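Novice: Here are the chains, one letter per residue:
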Amino acid sequence: MRRAELVTAVLLAAFSIYLMWKSTELNVGWVEHEGPGGGAWPFWLAGMMLVCNIWTIVNWVRKTTPQSRSQDLFMDSYAIRMFLLVGGSVVGLVAMVHVIGVYGAVPIFMLFYLRVLGRHNWVPTLVISGIAPVVIFFFFDVAMRIVLPKGYLEPLFYPLYDIFL
Amino acid sequence: MEIIQLLLDGFLIAFEPLNLGLVVVGVTVGLFIGAMPGLGSVNGVAILLPLTFLVPPTSAIIFLAAIYYGAMYGGAISSIMLGIPGASTAVATTFDGRPLALKGMADKALIAAAVASFFGGTISIILFTGFAPALASVALDFGDQEIFALMLLAFATFVGLGGDDIAKTIFSICIGLVFSAVGMDIISGTPRLVFFDIIGFLHGINFLVLAIGVYGIGEMLWTIDSTRGNPSMSKVEVSTKRTISHLKEVLKEWKPAWIGSLLGFFVGILPAAGATPGSLMAYGISKMTSKNPDGYGKGEVGGVIAPEAANNSASTGAMLPMLTLGIPGSPTTAILLGGMVIWGLVPGPMMFIEQSDFVWGLTASLYAANFFAVIINILFIPVFLWVLKMPFTILAPIIFVLCLVGGYAPTEDMHDVWLMVIFGFGAYLLRKLDYPLAPAVLAIVLGPIAEPALRQSLIISGGDATVFFTRPIAGPITMIAIVLLLLPLVQVFRKKRKQAKDAEA
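Residue numbers (the numbering used here), protein chains in the order written: chain A, 135 to 299; chain B, 50 to 554.
Okay, chain A solo, but in the shape it has when bound (with noise of 0.2 Å):
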């Protein structure tokens, strides 16, 4: 936990300072009749994160905060797999819908969440599945006119189309 919260304060601080010269790419001083220019106000929102980072670095090197002084683990082996696995298939997910669109990764993502991840039986795994993006379409597709990325798949849904669009 301690060399988490250091770590995690000297990221966050060089990103702010990425932010305070992204933002300088603006006008960060005064411009005449036109007041503060456009980079100001996210440079010194950034420049106000850059102290809170150090501050949160000042906090650690006198122990103040209570993970500076935690001798804990920031993630145990169990946080570790936990992580990984959801967050990686989660993911997985997004980068399939790329693919094979949201009707194709969805049902996958599904089978093998509730499959290997929850060990549920293949009939509540198959059924919600299977059932999800069917809901999924006629609620977005088709109700809500918003087309959800198809994918390679596209084709497959020309019949559809001609019939619920």
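If you're looking for bench data, these hints aren't it; they were derived computationally from the structure. Quick caveat: nothing in here was measured; it's all calculated off a predicted structure. Careful, some of the hints might be misleading.
List of simulated lysine-lysine pairs, DSSO-like, C-alpha gap at most 30 Å [as the list claims (entries may be wrong)]:
1. 347/B to 304/B
2. 340/B to 290/B
3. 547/B to 197/A
4. 301/B to 152/B
5. 197/A to 544/B
6. 481/B to 156/A
7. 152/B to 550/B
8. 197/A to 347/B
9. 438/B to 347/B
10. 347/B to 301/B
11. 197/A to 290/B
12. 297/B to 340/B
13. 545/B to 197/A
14. 301/B to 290/B
With the hints as your guide, set chain B onto chain A.
Specialist: Only chain B this time, still in chain A's reference frame:
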């Protein structure tokens, strides 16, 4: 009398079949979301907001407000049955709700929670109806200076009253504001903070991307990490006869109900405070003034009534500054505000004049939501108990999929979905280090209002920042904000002096 007339007109809108239907569906969905451990009103509203693009704006907000309301009722269910608060707003309900459940009185606790929520909700809506028009008419005179001063006050309450680490709180506010500045600079019209020249940043960072990231993906990861394994549920017997006898007993406990309702409402108005501290304070005061303070914590029904009345009351209280001033009183109302902006409804005093139908329709729908919530809550207790048995491994993938489609819907851009995932992971990791994230969500909603207000104020005054102190209304607000910002420093100083004194002694 004018208010009563307006309210009656509002009821005509609230009782339109679509709106009434959405109120019933909304409170039911809210009750379920509130009852699930780890999910509260803010998660429900953030994840489901994109689904409301289907209906007209007024109906959408009525639906979301009903979810907000229902979730406040529902939070008590898992607090009592599992001993795990359904949301942070229901933490205080566990103190006496859980012991009651362990004594075999779970049904009494559930009924007390429902009745208290109804009482708190009703009192607060009546207060809301009385206060809102008055506050809005005062706020009509507000200029840019006052608006910016109010924003400052909203953020200052997080620093002064939020109770989190100050450096981390201010960091959270600033990062939310900076994210809100991504996209176009509205005054000069030039692109700003387009990271790595990725085109997706040109349209800015939608507040929903951050809200769903934090309250959808981040919250799920957090819940999976922190609950580990399935909690055990109390046994409960439900019968009509027992329900009626419990109702009679609960109705005698009027004192904690009043304490909770009044305290909850006024604490709920403050941006950083809201339902969680409101319900904790109501619990404390109810215990202090009780005839039987020793019974609290061991299963005193007053200990369920006070916090439950308070958290419902606070949720209406939080709507008051959101609708009248455009400053949300809680993270959930911040997301509601963001939603209203998407639909072109600009909260603030002008709304009471220009969109008075909407304001009063929404107010009337709160009365209706409260009424339906208590009925659905009591009738469906057995259903909620059954739902609580649903394994988290079924709920989690459904929520993740809802986040995916919800993150895509507002802008129809996969860029935003990726950003949402990154925010979700970041939120989970930062939350482990006690970074408060509610201020960031509030900030990304308020940023687009705060920045022009500040810049225009400075243009008008020619760069003179003292306008925030010298204008008759902005001045006192700014001063209060500064006092709140300095409050933690004073506390640190006093603590040091006390330590020094103790050391001498």
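Novice: Does each hint hold? Answer for all of them.
Specialist: Right, here's what the structure says about each hint:
1. Simply put, residue 347/B and residue 304/B have alpha-carbon atoms about 19 Å apart, close enough for the 30 Å limit, and the pair holds.
2. Distance check on the hinted pair: residue 340/B and residue 290/B sit about 28 Å apart at the alpha-carbon level, within 30 Å; holds.
3. The hinted pair formed by residue 547/B and residue 197/A meets the criterion: a straight-line CA distance of about 19 Å does not exceed 30 Å.
4. With a C-alpha separation of about 21 Å, the suggested pair residue 301/B and residue 152/B falls inside the 30 Å cut-off, and the hint holds.
5. Annotation: proposed proximity of residue 197/A to residue 544/B holds, straight-line Cα distance about 16 Å (limit 30 Å).
6. With a CA separation close to 29 Å, the supplied pair residue 481/B and residue 156/A stays within the 30 Å bound.
7. For the suggested pair residue 152/B and residue 550/B, the alpha carbons sit about 46 Å apart, so the restraint of at most 30 Å is broken.
8. Distance restraint check for residue 197/A and residue 347/B: the Cα-Cα separation of roughly 37 Å exceeds the 30 Å cut-off, and the hinted pair is therefore not satisfied.
9. Under the criterion of a C-alpha separation no larger than 30 Å, the hint pairing residue 438/B with residue 347/B is consistent with the structure, at around 25 Å.
10. Taking the CA atoms of residue 347/B and residue 301/B, the gap is about 19 Å. The hint holds against a cut of 30 Å.
11. Annotation: proposed proximity of residue 197/A to residue 290/B is violated, straight-line Cα distance about 58 Å (limit 30 Å).
12. Straight-line distance between C-alpha atoms of residue 297/B and residue 340/B comes to about 19 Å, which keeps the hinted pair within the 30 Å bound.
13. Of the pairs offered as hints, the one joining residue 545/B and residue 197/A holds, with about 15 Å between alpha carbons and a cut-off of 30 Å not exceeded.
14. Under the criterion of a C-alpha separation no larger than 30 Å, the hint pairing residue 301/B with residue 290/B is consistent with the structure, at around 18 Å.
The earlier numbered hints that this structure contradicts are 7, 8 and 11.
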